[in-house]
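Novice: Each chain, written out:
There are 4 protein chains.
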Amino acid sequence: MENVKVGIIGYGYWGPNLTRNFYEIPESDVVAVADVKEEQLERARSKYPEVTYTSDYHDLFDMGLDAVVISTPPDSHYPIAKECLENGLSVLVEKPLTLDSEAGELLVDLAATQNKTLMVGHTFEYNSAVLQLRDYIVEGELGDIYYIDAARLNLGLFQKKSHVLWDLAPHDISILLYLLQDQPVSVSAHGMPCVFDGLYDVVYLNLIFKNNVSAYVHVSWLDPCKVRRVTVVGSEKMAVFNDVDEYKIKIYDKGVDKPLYTNTFDEFQCNYRYGNITIPNIRYLEPLKQECLHFIDCVSTGKKPVSDGVSGLRVVKIIEAAEKSIKNHSTHEVIKW
Amino acid sequence: MENVKVGIIGYGYWGPNLTRNFYEIPESDVVAVADVKEEQLERARSKYPEVTYTSDYHDLFDMGLDAVVISTPPDSHYPIAKECLENGLSVLVEKPLTLDSEAGELLVDLAATQNKTLMVGHTFEYNSAVLQLRDYIVEGELGDIYYIDAARLNLGLFQKKSHVLWDLAPHDISILLYLLQDQPVSVSAHGMPCVFDGLYDVVYLNLIFKNNVSAYVHVSWLDPCKVRRVTVVGSEKMAVFNDVDEYKIKIYDKGVDKPLYTNTFDEFQCNYRYGNITIPNIRYLEPLKQECLHFIDCVSTGKKPVSDGVSGLRVVKIIEAAEKSIKNHSTHEVIKW
Amino acid sequence: MENVKVGIIGYGYWGPNLTRNFYEIPESDVVAVADVKEEQLERARSKYPEVTYTSDYHDLFDMGLDAVVISTPPDSHYPIAKECLENGLSVLVEKPLTLDSEAGELLVDLAATQNKTLMVGHTFEYNSAVLQLRDYIVEGELGDIYYIDAARLNLGLFQKKSHVLWDLAPHDISILLYLLQDQPVSVSAHGMPCVFDGLYDVVYLNLIFKNNVSAYVHVSWLDPCKVRRVTVVGSEKMAVFNDVDEYKIKIYDKGVDKPLYTNTFDEFQCNYRYGNITIPNIRYLEPLKQECLHFIDCVSTGKKPVSDGVSGLRVVKIIEAAEKSIKNHSTHEVIKW
Amino acid sequence: MENVKVGIIGYGYWGPNLTRNFYEIPESDVVAVADVKEEQLERARSKYPEVTYTSDYHDLFDMGLDAVVISTPPDSHYPIAKECLENGLSVLVEKPLTLDSEAGELLVDLAATQNKTLMVGHTFEYNSAVLQLRDYIVEGELGDIYYIDAARLNLGLFQKKSHVLWDLAPHDISILLYLLQDQPVSVSAHGMPCVFDGLYDVVYLNLIFKNNVSAYVHVSWLDPCKVRRVTVVGSEKMAVFNDVDEYKIKIYDKGVDKPLYTNTFDEFQCNYRYGNITIPNIRYLEPLKQECLHFIDCVSTGKKPVSDGVSGLRVVKIIEAAEKSIKNHSTHEVIKW
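Residue numbers (the working numbering), protein chains in the order written: chain A, 21 to 357; chain B, 21 to 357; chain C, 21 to 357; chain D, 21 to 357.
These aren't lab readings, by the way, just hints derived from the structure by calculation.
Please read all numbers here as calculations on a predicted model, not as lab measurements.
Idealized CB from N, CA, C, for every residue including glycine.
Hints should not be assumed to be uniformly reliable.
Over the 10 Å line for every Cβ pair with chain B, so calculated as not near, a few chain D residues [stated by the list, open to error]:
no., residue
1, LYS25
2, THR72
3, SER96
4, ILE157
5, VAL205
6, ARG248
7, ASP273
8, GLY295
9, ILE299
10, PRO300
Quick list of simulated restraints, FRET-style, between CB atoms [stated by the list, open to error]:
no., chain 1, residue 1, chain 2, residue 2, range
11, C, VAL354, D, ASN232, 24 to 30 Å
12, B, ASN37, D, ASN232, 46 to 52 Å
13, D, ALA132, C, LYS180, 26 to 32 Å
14, B, ASN37, A, ASN296, 26 to 32 Å
15, C, ASN135, B, ASN23, 46 to 52 Å
16, B, LYS344, A, GLU59, 53 to 59 Å
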């Protein structure tokens, strides 16, 4: 099989990491890199002199590429991805897929019409720790899931044209959907624009799934501590995924056993279980590398990506509903699926 | 001046700590302890043999006491405190003051009429770390406060007749009011009864103060980790009070400086400050001891307690509004002050 | 059976904790407390008014006591314990048993002659975490023990008449002997008197046991961090006992598997095992309470204490040899058992 | 000025990092890479296709190079560095410089005769945190240095032909010499071959400097926890450099003030200072990049490297003496400088 010929659009913050990975994967060739800023191209050129460089991504359409990787600012995801798909290219676009769901749906439809791969860069769906955590959930190790609490906090990096929800929440939302294998019924949110008028830098989200399972997400560009944590509370066990800890996952054999029937309410007694804590050894695989390998595999074989356009669209719809809730003073917005 | 004669009502979970403190304070004498359970009285008697014991707290009214300390289950706070005040005794009652605001108001009025001290056991208002944190805020060290995020999580202890909001949130709410020296305009909340029908064990609160200052409180009886943390984010610095850390307070000289006027929106650039972190040395004083000393001082001198009945009532009103919000699907409930 | 009548000698730093425990144990009565300082007696009297107080411990010999608990400065352990045993009293003496082994041997012999209990306050031999760690070792869970590394560090508390080895090392040495169920063949040490001439405040110890098992102990009165940690490295697993962590024991299923025979040295390949980490849930029992209960049990029944005089003497001999090694520039001093 | 033409010898564990850095530095060109293993060359070739590859480093002598970077197994450092210097090339060799001091001296002399740069890869001398820590020490912020304690522990990576001292201790020893700006008078050590006969995998070192300043180094290939920590205890303040912490340096304003003269020894009282802890914000610069930049600068200008051959030789002499001490049962070996 021939190598997949890849073009990179956007060599700013995340583009270099994507480029490096596609460069190193034996089954893909990085043919060209496009960026509007000359100094970014220069940075790339010094590392990969044999690649073609251009400031206009339209040049990539005549190079016989199979696929492009888009890591430009979020508001340009839609127009660029659209043109790329129209020109017969498979697309890996950074999260979020788009900044509104209508545009997202158009992309999903276009990819189907064109019969091309459309994949979104939800890196955590390729993270060994998240995969293992899902296995625990699916296998019933944690019992029924009561709720999930997620936090992604640090200082910066403020973006100009999109707020913290679009920047950080796609990670946590994609993790939630992936762990629960479900999509929320409704969402409510409270957002604050602390530093710049109109630009939310701190948002609290509440997602309600079927059977009263809830999830909470706290994202912030304005916190003194770097936090990347997902706590899953089940009826049997509890688990914490802490991405800034040396040990990513801890499983707590802790819980509350409901009392059996008692004669009087006064005799009601909880039975707390405080069992062992287990830190499973997880074989570390760079999530971004796994994501890139998966994209190449999907482009080559026509396989449906784990984080396909539909999955990206789901995240966009949730954030869109959350934005609406913020404006409506934290109403629970029902999401139309 | 004569010693303050104190009676203890309730020798269950927290009563022994209160008793020990009043026993050890030179200016107070523990004269009697009342508890409905004989085994609790027995436990107390083995430590303090010279004290009088009774299973009926009404017996305390004829002993020439100056004050009583009430640490019974929350639903009995109101009737017991009422009787004690009516019998001319000053009262220190464990948090929450009452389980509804009407009852709380009656107690506040009664204490005024009787000219007796009514104080609520908001321990954190006597905690050296919280005091120091408030000093930083008041002196402007942190700049304008953007928001405060508080979490109080662990596994257990479930209570029978009141949910997690009444159990844990009084601590965080009293800290918030104390730090901001203000009371919220409105509150919204989302609560879940994970283990027992109708008994919230996990609640998320959002309090809105004047000038769009927000505070978030996450309380849980169902978390694998013991968390007691308050993060204060200001325009100049940020601070974390972590009560389960060896070092209670950390001050982060971190922030975002708004850009000066720039010609085009595109030139907009944030300036992040990543300065030093300071861990101030705080002279540790047992908060409960400080609280008990303060109560004795107020009873002796007629001074108004820091955590007086009005302060306790404020917390009750907020929790009451939060309960209403939970039932109304997280509406923002405006609080009538 | 009648209660054991106990007298306390020394109500300074540790005495109050011992007194509280014996006071609360149903099977023992604290009859009298002796201390040379009036203010310490006053402190005790305010808590236990019905106990007899004296500034001269000789007064305790005529009170019909069964046992005394000695927590005076280390250099007085020997003369006081000797007199107490001579007067027919069982003795629990704080660590170290004595400051020289000759004196220690006299006490051991005296206790035997008098047929009285002589026990040393090696608290960690009554610590649930240490007990569990020993079970792991004894049951072979860790495989062969390669070495143990222990550290006990913090700032202060300097003592006047004895250096850091006598103050802190008895804890670690008693833990080592207890875990390995063995006594070292030789010991070497390096000590520094950083702050005061002639007073070691930082010492590094190396104990050599049979079969080349080694143990290292680092004790310091002059470290910025509070450290209480014992690392046990075995051929199968490794374990850490961290007494300042919420979770006391961690078992690491990690190790190196020796390669099988290979043809050339160059083909030599290690096989590292990186397995799960387990944090066992340990039922917490206050170690000092367990120690006091054990003493009362031994006095009542004539049972031999876990940390009996012989065990205390072993620790004294090791420290004595370590002192000699320090003076001889870290020679390995063989210990005569 | 023309770019420095660099050849890389050894593309195993560390070589790829060195290559990447020299490749990215604008003032240097990576002209050729030599390695005996074809698969390592292949790995390099896929990243840097335009570079020349060879399995025989002698081929590098005819390429008009200015300098070579040697990251081969330690026992080959000497012969390769010698040939390179003889062929008129400047040399950056990975630590340790050599495995015996005689060979090291020959290299130092040869570099002087040839008038070429000889530098050793003591990365930590180019680490911003270590630089800042030295500034604190030099400026007297910590007062007189009492002692330094260093630990470098983890599981693996065992090497075949040299033990843990040669592998890990060069880092800590070079840090110590750099921080104290001094060389030790004597060294003693205790080493254990736990897993393989004759191969020390755990070593404890004690270095004695002038004025009784001591340093301790614990290195281990056989510890469950990854530790990289240097504690500096001074008469005024204490500092910890923790390379695996998000915050590299903590300065503790803690200490013991010696008492003034007192009439009786019994009145002796220490005054402990427990002040603030400061975590300075350190601008992070990749240490290896700084090291590579410094090498290029020295080669270009003839400047003496911070970690020059003499500095590398010092570390070799100390380890050599430590090996002798291990064999002589931890004697203090005086080092001839």
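Novice: Next, verify each hint and record whether it holds.
Specialist: Verification of the hints:
1. LYS25: The assertion about LYS25 of chain D holds, with a minimum of 38 Å to chain B.
2. THR72: 43 Å, holds
3. SER96: SER96 of chain D is indeed farther than 10 Å from all Cβ atoms of chain B, at 43 Å.
4. ILE157: 18 Å, holds
5. VAL205: 37 Å, holds
6. ARG248: 20 Å, holds
7. ASP273: 8 Å, violated
8. GLY295: Not fine: 5 Å to the nearest Cβ puts GLY295 of chain D too close to chain B.
9. ILE299: Label violated. Min Cβ-Cβ 4 Å, cutoff 10 Å.
10. PRO300: Its Cβ does come within 10 Å of chain B, the nearest being 5 Å, so this is violated.
11. C:VAL354 <-> D:ASN232: 24 to 30 Å: 27 Å, holds
12. B:ASN37 <-> D:ASN232: 46 to 52 Å: Roughly 49 Å apart at Cβ, these two residues keep to the hinted range, so it holds.
13. D:ALA132 <-> C:LYS180: 26 to 32 Å: At 56 Å between Cβs, range violated.
14. B:ASN37 <-> A:ASN296: 26 to 32 Å: 31 Å, holds
15. C:ASN135 <-> B:ASN23: 46 to 52 Å: 49 Å, holds
16. B:LYS344 <-> A:GLU59: 53 to 59 Å: Roughly 57 Å apart at Cβ, these two residues keep to the hinted range, so it holds.
The earlier numbered hints that this structure contradicts are 7, 8, 9, 10, 13.
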